[in-house]
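As a plain string of letters, each chain reads:
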Amino acid sequence: QKEVEQNSGPLSVPEGAIASLNCTYSDRGSQSFFWYRQYSGKSPELIMSIYSNGDKEDGRFTAQLNKASQYVSLLIRDSQPSDSATYLCAVNKNTDKLIFGTGTRLQVFP
Amino acid sequence: DAGVIQSPRHEVTEMGQEVTLRCKPISGHDYLFWYRQTMMRGLELLIYFNNNVPIDDSGMPEDRFSAKMPNASFSTLKIQPSEPRDSAVYFCASSTTGLGSTDTQYFGPGTRLTVL
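Protein chains in written order, with our numbering: chain A, 1 to 110; chain B, 1 to 116.
Excised from the complex, chain A in its bound form:
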């Protein structure tokens, strides 16, 4: 079992819809959780971090964490074609390093 699992996609949503990206992790000791966005041919960039159970909102993005079920999700409201990218989930077990999932490719079509 991989430490961090994501559906590779692609996840296709129409412009203006809500995109829902999911991630599960295996280590219950995981403390902090991150979502990175990576455009094709570019480097990952951090878009959200979450540390406590519940929701955290930042503009059109909402991260959701459920430690009991060991999953973290990212919702993108009013999806735009510019949101088309690969979204990487990363988990930290209170060390100095992150464990990344393989990413979910999101396609937003006009």
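Rather than coming from a laboratory, the hints here were simulated on the basis of the structure.
Heads up, some of the hints might be wrong.
[Stated by the list, open to error] BS3-like cross-link-like pairs, simulated, lysine-lysine; straight-line CA separation at most 30 Å: (1) K24(B) x K78(B); (2) K93(A) x K67(A); (3) K42(A) x K2(A); (4) K56(A) x K97(A); (5) K42(A) x K68(B); (6) K2(A) x K97(A); (7) K2(A) x K78(B); (8) K78(B) x K68(B); (9) K56(A) x K93(A); (10) K78(B) x K93(A); (11) K97(A) x K67(A); (12) K56(A) x K2(A); (13) K67(A) x K56(A); (14) K42(A) x K93(A); (15) K93(A) x K68(B); (16) K93(A) x K24(B); (17) K93(A) x K2(A); (18) K42(A) x K97(A); (19) K24(B) x K68(B); (20) K97(A) x K68(B); (21) K24(B) x K42(A); (22) K97(A) x K24(B); (23) K97(A) x K78(B); (24) K67(A) x K2(A); (25) K42(A) x K56(A); (26) K78(B) x K42(A).
[Unchecked claim] Label pairs and their calculated CB-CB ranges: (27) N71(B) x S69(A): 37 to 47 Å; (28) Y39(A) x S66(B): 26 to 36 Å; (29) K42(A) x R64(B): 21 to 31 Å; (30) R9(B) x P81(A): 22 to 32 Å; (31) G16(B) x A68(A): 47 to 57 Å; (32) Q107(A) x T114(B): 26 to 36 Å; (33) Y39(A) x N51(B): 41 to 51 Å; (34) R64(B) x K2(A): 22 to 32 Å; (35) P8(B) x S40(A): 14 to 24 Å; (36) N50(B) x S26(A): 20 to 30 Å; (37) R64(B) x S52(A): 35 to 45 Å; (38) Q70(A) x T114(B): 18 to 28 Å; (39) A17(A) x S7(B): 36 to 46 Å.
Where a beta carbon is used, it is the ideal one built from N, C-alpha and C, also for glycine.
Go by the hints and put chain B onto chain A.
Just chain B now, with coordinates in the frame of chain A:
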């Protein structure tokens, strides 16, 4: 701030040759991370440094790989001898503190390595 700088951006070499990748972290960042990204395995941490000292190299695939950080502004990742399976994008990243906090990890543009 120029961000994390990596060189070269692209490297094509033949099997058996030595490859050296370079990274300059953001000034003031005391953590430096080397990652490798492939389609099959995703983004894997190879090694990271804190204050120029290697902390965890458990992700380094084998003895052909080595990394150094001689000072706070420069790090190298060396592959000798290179093999076709080393073909990947290699990212360097830096951060100001450990990742148990709210700190952000900044990635460089990456080096795309192709070993023929």
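Each hint, compared with the structure:
1. Distance hint between K24(B) and K78(B) is fulfilled; the C-alpha atoms sit about 15 Å from each other, no more than 30 Å.
2. Between K93(A) and K67(A), the direct Cα distance comes to roughly 13 Å. Compliance with the 30 Å bound is thereby established for this hinted pair.
3. Restraint check for K42(A) and K2(A): the C-alpha separation of about 25 Å stays at or below 30 Å, so the hint holds.
4. At most 30 Å may separate the alpha-carbon atoms for a hinted pair to count; K56(A) and K97(A) meet this at roughly 22 Å.
5. Taking the CA atoms of K42(A) and K68(B), the gap is about 25 Å. The hint holds against a cut of 30 Å.
6. Our distance criterion of 30 Å between C-alpha atoms is met by K2(A) and K97(A), whose separation comes to about 16 Å.
7. With a CA separation close to 28 Å, the supplied pair K2(A) and K78(B) stays within the 30 Å bound.
8. A threshold of 30 Å between alpha carbons decides the hint, and for K78(B) with K68(B) the separation of about 9 Å falls inside it, so the pair holds.
9. Restraint check for K56(A) and K93(A): the C-alpha separation of about 20 Å stays at or below 30 Å, so the hint holds.
10. For the suggested pair K78(B) and K93(A), the alpha carbons sit about 28 Å apart, so the restraint of at most 30 Å is met.
11. Between K97(A) and K67(A) the alpha-carbon distance is near 19 Å, which keeps this suggested pair within the 30 Å criterion.
12. Of the supplied pair hints, the one linking K56(A) and K2(A) holds, its CA atoms being roughly 26 Å apart against a limit of 30 Å.
13. Distance restraint check for K67(A) and K56(A): the Cα-Cα separation of roughly 14 Å lies within the 30 Å cut-off, and the hinted pair is therefore satisfied.
14. Between K42(A) and K93(A), the direct Cα distance comes to roughly 26 Å. Compliance with the 30 Å bound is thereby established for this hinted pair.
15. Taking the CA atoms of K93(A) and K68(B), the gap is about 25 Å. The hint holds against a cut of 30 Å.
16. The straight-line distance between the Cα atoms of K93(A) and K24(B) is roughly 27 Å, inside the 30 Å bound, and the hint therefore holds.
17. About 15 Å separates the Cα atoms of K93(A) and K2(A), which keeps this hinted pair within 30 Å; it holds.
18. Our distance criterion of 30 Å between C-alpha atoms is met by K42(A) and K97(A), whose separation comes to about 21 Å.
19. At roughly 12 Å between alpha-carbon atoms, K24(B) and K68(B) fall within 30 Å of each other, so this suggested pair holds.
20. The hinted pair formed by K97(A) and K68(B) meets the criterion: a straight-line CA distance of about 18 Å does not exceed 30 Å.
21. Distance restraint check for K24(B) and K42(A): the Cα-Cα separation of roughly 18 Å lies within the 30 Å cut-off, and the hinted pair is therefore satisfied.
22. Annotation: proposed proximity of K97(A) to K24(B) holds, straight-line Cα distance about 19 Å (limit 30 Å).
23. Distance hint between K97(A) and K78(B) is fulfilled; the C-alpha atoms sit about 21 Å from each other, no more than 30 Å.
24. A C-alpha spacing of about 17 Å is found between K67(A) and K2(A), which places the hinted pair at or below 30 Å, so the restraint holds.
25. In summary, the hint linking K42(A) to K56(A) is supported, as the alpha carbons are separated by about 26 Å, within the 30 Å threshold.
26. Between K78(B) and K42(A) the CA atoms are separated by roughly 22 Å; this keeps the pair inside 30 Å, and the hint holds.
27. The beta-carbon spacing between N71(B) and S69(A), approximately 45 Å, falls within the hinted interval of 37 to 47 Å.
28. Against the hinted window of 26 to 36 Å, the Cβ-Cβ separation of Y39(A) and S66(B) comes to about 31 Å, which satisfies the hint.
29. Separation of K42(A) from R64(B) is about 28 Å and conforms to the stated range, judged on CB atoms against 21 to 31 Å.
30. Taken as a hint, the range 22 to 32 Å holds for the pair R9(B) and P81(A), whose Cβ atoms sit roughly 27 Å apart.
31. Separation of G16(B) from A68(A) is about 51 Å and conforms to the stated range, judged on CB atoms against 47 to 57 Å.
32. At roughly 27 Å, the beta-carbon separation of Q107(A) and T114(B) lies within the given 26 to 36 Å, and the hint holds.
33. Taking the beta carbon of each, Y39(A) and N51(B) are about 32 Å apart, not inside 41 to 51 Å as hinted.
34. Range check, R64(B) to K2(A): about 25 Å between beta-carbon atoms, so the 22 to 32 Å window is met.
35. The hint said 14 to 24 Å for the Cβ distance between P8(B) and S40(A), and at roughly 20 Å that hint holds.
36. The supplied range of 20 to 30 Å is met by N50(B) and S26(A), whose beta-carbon atoms lie about 26 Å from each other.
37. Between R64(B) and S52(A) the Cβ separation comes to about 42 Å, which falls inside the hinted range of 35 to 45 Å.
38. A beta carbon spacing of about 38 Å between Q70(A) and T114(B) contradicts the range 18 to 28 Å that was offered as a hint.
39. Distance hint check for A17(A) and S7(B): the Cβ-Cβ separation is about 41 Å, which falls inside the suggested range of 36 to 46 Å.
Consistency note: the structure conflicts with the earlier hints numbered 33 and 38.
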